[in-house]
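Undergrad: Model the full structure from these sequences, guided by the hints.
Chains as they are written, first to last, in UniProt numbering: chain A, 1 to 305; chain B, 1 to 327; chain C, 1 to 251; chain D, 1 to 379.
To be clear, the hints were calculated from the coordinates, so they are not data collected in a lab. Certain hints may be false.
[As the list claims (entries may be wrong)] Below, a list of computed lysine to any residue pairs in the SDA-like style, where the Cα atoms sit at most 20 Å apart: (1) D:K86 <-> B:D170; (2) D:K126 <-> B:P147; (3) D:K126 <-> B:Y149; (4) C:K168 <-> C:D68; (5) D:K176 <-> A:S273; (6) D:K126 <-> B:E83; (7) D:K157 <-> A:S272; (8) D:K176 <-> A:A274; (9) D:K126 <-> B:Y158; (10) D:K86 <-> B:M25; (11) D:K86 <-> B:Q23; (12) B:K96 <-> D:A108; (13) D:K126 <-> B:V159; (14) D:K176 <-> A:S272.
[Stated by the list, open to error] Chain B regions said to be covered by chain C (calculated; three or more residues, Cβ under 8 Å): (15) 194-204; (16) 208-222.
Where a beta carbon is used, it is the ideal one built from N, C-alpha and C, also for glycine.
Listed here are the chains, written in short residue letters.
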Amino acid sequence: MSALLLIEQALNGLQYGVMLFVMAAGLTLVFGVMGLINLAHGSLYMVGAFACAAVAAATGSFWLGLAASLAAAAAAGALVELTVIRRLYARDHLDQVLATFALILVFSEGTRWLFGSFPLYLDIPAGLSGPVTLPGGLDYPLYRLVLIGIGLAIAGGLFWLIGHTRLGIRIRAGEADREMIAALGVDISRLYTAVFALGAALAGLAGALVGALQSVQVGMGEPVLILAFVVIVIGGIGSIKGAFVGALLVGMTDTLGRFLLPAAFGHIMDPSSATSVGAALASMLIYILMAGVLVVRPGGLYGRA
Amino acid sequence: MIREGLLNTLLMLGLLAVPLIAQAMGEPFVITLATKVAILALAGVGLNVALGLGGMVSLGHAAFFGIGGYAMGILAAPVQAYEPLMTWPIEVPGTKSMPVIWAAAMAAGALAALAIGALSLRTAGVYFIMITLAFGQMLFYFAISWPAYGGEDGLSIYVRNGFPGLNTLDPIQFFALAFGLLALALLFAHLLARSRFGLALQGARQNPARVAALGIRPYTLRLTAFVISGAITALAGALFADLNRFVSPAMLSWQTSGEIMVFVILGGVGRLFGPVAGAALFILLEHWLGGVSDYWKLFLGLILLAIVLFARGGMIGALAGRQVAHD
Amino acid sequence: MTDPVLAVHDLSVAFGALKAVDRVSLDLRPGEIHALIGPNGAGKSTLIGLIAGGLRPASGRITFLGRDITRRDTAARARMGLARSFQVSSVAPDFTVLQNVTLAVEGAQGRAYGFFMPALSDRSLTDRAAQHIARVGLLNRVAVPAGDLAHGERRRLEVAMALAQHPKAFLLDEPMAGLGPDGAREFTQILDELRHEAPILLVEHDMDAVFRLADRISVLVYGRVVASGGVAEIRANPEVQRAYLGDETLP
Amino acid sequence: MAGFKTLAAGLCALALATAAQAEPLKVGMITTLSGGGASLGIDTRDGFMLAVKQAGNPDLEVVIEDDQRKPDIAVQLADKMIQSEKVDVLTGIVWSNLAMAVVPAATAQGKFYLSTNAAPSALAGKGCNPNYFSVSYQNDNLHEAAGAYAAKAGISKAFIMAPNYPAGQDSLAGFKRFYEGEVVGEVYTQLGQTDYAGEIAQIRASGADGVFIFLPGGMGISFVKQYADSGVGLPLIGPAFSFEQSIIQAMGDAALGVLNGANWSPDLGNDANQTFVTSFQEEYGRLPSVYASYGYDTANLLLSAMGKADVKDADAFRAALKEADFASVRGDFAFGPTNHPVQDLYVREVVRMGDILTNRIVGTAMEDRGNAYEGECEM
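TA: Encoded structure:
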């Protein structure tokens, strides 16, 4: 196989990884700050994609849609936090799992009620469609390069937010000691709403950005949610840095595994069963990666445990 | 408020009475529904050993449920094709005998739980939830893409497996089997909770450091409980596959894990009969709401949400009040 | 002089740059109470954790009953007869007093895997548990959940659990913290009797109790043993006076 | 929606058995009305109910239930319909895996099953049954059409791709059965996969001059959008499932020009089809899909058999079904020896007509095609 193909696959893995990061960042923040496990995070991803598709269809502008996705997901997140999630902070993980599982049902069927059962149309914005030629002669879709850029910018922004802003200081303090931050006079419930809405907005943004490449339909959030779980378990729950490293690892492993494993099996068996067996193994690869990481570090790569 | 014991008795009598009445009235489908309740409750009893007694929030029990189902399919499918199960190194025939299938399903479930538990129990809390979920997904994708046992199409057996002395094709007789196993499992779970092992396990749920300081390893306790839990859930899986005469990767999906957990929590975590109440309510809601609206899951979600937010301790908790310490 | 029951040799552990325990050596001899004192943050609880097994040392050895236990886990050490109490009360809060102590008896018997052996209707377990509960004067509270006990009662429950282990040595981490003067006096009495069961390594801030109970005292400051000896010797040690006791006059 | 539900008499699990009445033919439709694949089931139902409404036959009673695309639910609904509702005929299942779970048991109990879509090879070959009729096709047919036509469309080196599950494996086998060119790349993707950048890179590197895909539902939408954006630009061909009326709107212009093998198209000129397309649009405000056309044909087949025989006389009713004496929207329609259609297979192209995207026939791939499994069936 050519070096060009490998580079293209590595770019694909990177693009997949950074989008997973945007998704996983909110999940890991919400867990780190509030100690909440949120299964409905995937639903916020779906809300973002639907909001973007609906607004883009009505106005003809992808960018308005993107803004709408941020607003809609943040609003949905804040609403859910105020009505449901805040009653769950003091509960054990079990109640959190059940309540957010119920939220998935409500979001999915609610969306189906509003938008119908048919997939929505959402396309890449006109200026970003089509491939560009990279140095070395590789044709690569411009939009995917933009996604990589946006993802890295969000990662940089989050690191800055956590490290250098008042909100970040409160978030880190909140992780360390809830009582202390309350004693400092910070309105903890407003902080929680803000963090939850921030995580929701990131999920919604990821949904809209990826939705332009994929099918915008009910149920699109759950597979991504489970991948995001794998990411933050690998990285260490609560760690933004861990989520970033974990997301890139998962993105690369999955993309390269799907491509290299069938080829590798092709050397030892006939092509048809090689592709089938290789694909079967590739689909399990990230879970094997996760198990491997946990054997060595039960708290994840950057976990506190 | 009703005493919990009385409530449990009423629950079991109700589950027994509904199919008998249905039989008398010629409504075999209601018997099928009651059988489904009994089987899903059995899966919940399995999960409750890990969740209620051991405090292990497993979101991957569909793995064991599905493994039980596939144990049934893999053992029974060769019989209807008149082929041996395996020919190398020795020829082993398949089987249509339920007791053999149950034993195989429980062994397979226990083995899988041993492997998954050994890795997952190195972690705790939210990590454990996510890891069990991920292991479940791993098996799910494997089952879909591995071509040998039907992949996503699953495995069909056309005739339900047999049990000595019973006609399992008769809905009421198959119900009796499922109900009997559920009762046995409940008895087992009851004895387990009151046993030395149960005491240590519940101690480890509340305070693992203290239990270790008393000379008992929490990890080993939990792993043992997880294996028992996996075996019971796998038994339920084998029965469920027999109920449908069909097994597919859908049994391994994470929604199945979520639903098994919903039965347990709906009924009341750590309550012996919680899964029975939970499964009964869930099936009732599914069939009642399903008839009302295409969007019935929306209402199911809202009802679940209301129960978890406002009826802590599940149904049995709401009806019987605070759990008394073990007598 | 008899062989020590428990001995630590050159034990060290660090958390990042902080050397929490720095080349500590000490021992515990049959029949004695060896008190470990020092200011907050001196590393006393860390040392107890290292000996009990919750923490792994970076270097050094721990021997118990003549055997090297450095690499054994908490449960194995406990089964050998090392009983501990925790600085913050550590019991199973939903369990009753009887359940807590029965669990300790079960652990001591090493038979926690009886799947069909009922625990609380087994007189061989509960009778023994009741004896230990009686020893600490909680017999009228057997059916109360541990979470509902008063602070002092929970402290005594912990002692009953430690007793149930038939220990060869006790590791007690501030057993009298928060007890108040009357409670402390009563508890001092209990500990004084306890030494006849097995020697005690006692971490304690209550100096009255320490000077009344201890046969030997070691002083830990910044992770190091700065002085070790008999009660009078430590009272008189100028370095101890300066480093630990400051200007306070000793009683 | 709720209107259909009310047709399901005695739906409540604990309801009394319905009182005896004049015996009409009762048909139970199990299809996917909620969750991810609901659009296919809704089209099936709407097509079927359109024909029922047009016929206005009071002796036909329809019970509709949602299988949620879950095999175990489908099995229980089939049990319920057979045991409690006492239906005579079952129909409506969209997915092969659900069909495999329901059909063998239903036909073993002497019920008729008319397939509106899924027709897996196992039910066409060894597992065939005289009471099982596929009105739609045999699963391989549309892939065969694509394979037979690919060389004519100038694809001499094909890169072929499907999800790694039985229908996907059957699909690639079906394509290769009549394809006369060379297969230069064969890839199985994960079921439910949403990102195809890796596969597109392999296509680019493979030296192929055309691509065959079988990616139903959302998978196809994702692939086609990403493929168009990648600039690879090789001709794309697939079975109709990936380029259906409900799906291509979500693909947008990315789908324009894609070829797909089909046995029906809205622009087929026969009278029955023109009536169907017009009345479907009037009734539901959208263009019908192949699923709607299969549902419509199935209902009309059933109505034609009802006019000839009583369903209680199974042999007579089976013979009446086999005659297929109805005006199919596909034009000529006949059942082959194993109760699967013998029909012309076409290739369609996705085109834009005004605001919407739709399909138009560009050629005939195969004439009077039966299926590859007739030899395995002992009926």
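Undergrad: It remains to establish, for every hint, whether it holds in the given structure.
TA: Comparing the hints with the structure gives:
1. D:K86 <-> B:D170: holds, 17 Å
2. D:K126 <-> B:P147: holds, 18 Å
3. D:K126 <-> B:Y149: Roughly 17 Å separates the two Cα atoms, so the pair holds.
4. C:K168 <-> C:D68: holds, 15 Å
5. D:K176 <-> A:S273: With Cα atoms ~15 Å apart, D:K176 and A:S273 stay inside 20 Å; holds.
6. D:K126 <-> B:E83: This hinted pair holds, its Cα atoms lying about 15 Å apart.
7. D:K157 <-> A:S272: holds, 17 Å
8. D:K176 <-> A:A274: holds, 17 Å
9. D:K126 <-> B:Y158: Distance ~13 Å between D:K126 and B:Y158 Cα, so the pair holds.
10. D:K86 <-> B:M25: Holds, at about 14 Å.
11. D:K86 <-> B:Q23: holds, 16 Å
12. B:K96 <-> D:A108: Roughly 18 Å between the alpha carbons, so the hint for B:K96 and D:A108 holds.
13. D:K126 <-> B:V159: holds, 17 Å
14. D:K176 <-> A:S272: Holds, because 12 Å separates the two Cα atoms, which is no more than 20 Å.
15. 194-204: With 9 residues in contact (Cβ-Cβ under 8 Å with chain C), the coverage given for the stretch 194-204 of chain B holds.
16. 208-222: Holds, because 10 residues of the stretch 208-222 of chain B bring their Cβ atoms closer than 8 Å to Cβ atoms of chain C.
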